[in-house]
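Engineer: Here is how the chains run, residue by residue.
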Amino acid sequence: MSNRAVEAKRDNNQSIIVVKDLHKSFGNLEVLKGIDLIVNRGEVVSLIGASGSGKSTLLRCLNRLETISGGAITIDGIPLNESLKHVSQFRREVGMVFQQFNLFPHMTVLENVMEAPIQVNKVTKDEARKIAVNLLEKVGLSEKQDVYPRKLSGGQQQRVAIARALAMNPKIMLFDEPTSALDPELVGEVLQVMKQLAKEGMTMVVVTHEMQFAREVADRVIFMHNGLIEEQGNPQEVLVNPNSERLKSFLRMIK
Amino acid sequence: MLDFSLVSDFIGFLLEASVVTIELSLFAIVLGLILGLIAALMKISNIKPLMWLADFYIWVIRGTPILVQIFLVYYGLPQVGIELGAFSSSVIALGVNAGAYIAEIYRGGIMSVPKGQTEAAESLGMTYTTIMRRIVLPQAFRVSIPALGNQAISMLKDSSIASLVTVSELMMVSQRFAATNYAFIEFYITAAALYLLMTTFLSYFLKKLEFRMSQSER
Ligand SMILES: Nc1ncnc2c1ncn2[C@@H]1O[C@H](COP(=O)(O)OP(=O)(O)O)[C@@H](O)[C@H]1O
Ligand SMILES: [Mg+2]
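Keeping their order, the protein sequence lines are chains A and G. Once you know that position 70 of the first sequence is 70 in full-length UniProt numbering, the rest is easy, because the numbers rise by one and skip nothing. Once you know that position 173 of the second sequence is 173 in full-length UniProt numbering, the rest is easy, because the numbers rise by one and skip nothing.
Nothing false has been slipped in among the hints.
Okay, the calculated beta carbon distance ranges per label pair:
no. : chain 1 : residue 1 : chain 2 : residue 2 : range
1   : G       : I44       : A       : D146      : 29 to 37 angstroms
2   : A       : D183      : G       : R212      : 26 to 34 angstroms
3   : A       : H209      : G       : V30       : 48 to 56 angstroms
4   : A       : K255      : G       : K48       : 52 to 60 angstroms
Derived from the structure by calculation, the hints contain no laboratory data. Yeah, the Cβ is synthetic: ideal placement off N, Cα and C, and Gly gets one too.
Can you make the complete structure from the sequences, with help from the hints?
Structural biologist: As structure tokens, then:
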């Protein structure tokens, strides 16, 4: 802990997410029990762990979808506190992709991507359209721009959701099991887009059960157990030669 | 014994009165949609006094007869110096009444919008007002259309109550001709037919609207 704090000071320019002794409770249930985490600029971190271990909650704390019960979070030098102005700035810098896509069903694909730039960043419609068209091309969905989300496959919807988050030009992207709701044959196209993002240097925190992705793309794998970080490190080490018994049995289980 | 030819002499007046019924219902439903939206937003605001106020409004309106409400507006308000006239009094009473029911419809619609929608919008940095205006209410409104449609159909029928405060709408006019000609069956059946025509037309229109709304999401 003190070691980390020193490290955090030294690498202040490099670290973009700094989490110190994060606690989160729902009523009497303590879900996060003291998380320390530093993510560097451009780093891709993969969060793994059994269901209920607190992965989603940690991710949701990072863009303030959950209020925290204790500890501190700093995103790119901005401390997360109660002030409303900070919260919206926080969220603008942190994009989030959900398991269930959560596209806006009453808007076309293009409108989904244009909405936040227009409403939040107050850019003009033309400018928003340019941003959206570019991003949809990037995720390979140019020809679907005037379609409503329900007409799309899960994989296509998730790619739109990624484009929608990218439209705010975030510094960090959070992914909460982005491929878990997809049919197996659709997983690849979403992972492809995420790989591309990683290659372009986006800072990413990804909750995933795709060990393939963790191995190939992540710089670091973090194994959570029961509200704490149980083990972390280079994917090769952690996934191939885990220290903790719990991680060993977790890896056996998901195989 | 029954002589419907009598009715044809007065059909012009009956049609005119039907137009009054439509105007009355239209103004009242618009007022109800606005009041209902305000009350629904107050109810979900998490601001205690606003929630209480909305609850009070809904409680009083739904727990008392509409006839009492319309009499209070038309006969009661002049007593404290507010003279609105029969038509305006009826619009207000019917609108305020419908608003209480519509508030609950909207609230149900708002609750039916999945939490993930709000979270996605929040994660994009949208404010509460923007999320309501752009994301939640448009979806809530779509969900509410069938129930709002029923409310509008009820309004067409309930507007007949304005005949009791001298508005020359369809019921009032039919009543007058029925009595003076001693032809109750003829005029009341005609009135019923005209109401049926209006409600049928309205439900057809609402079905089409519902269909178009559902198409746009698929
Ligand atoms: N809003 C909530 N209210 C109460 N308990 C919650 C809430 N969200 C999550 N939890 C609980 O917190 C624990 C961790 O959940 P979560 O972070 O979703 O785990 P994971 O994503 O690793 O499966 C679970 O026991 C879950 O039931
Ligand atoms: Mg989860």
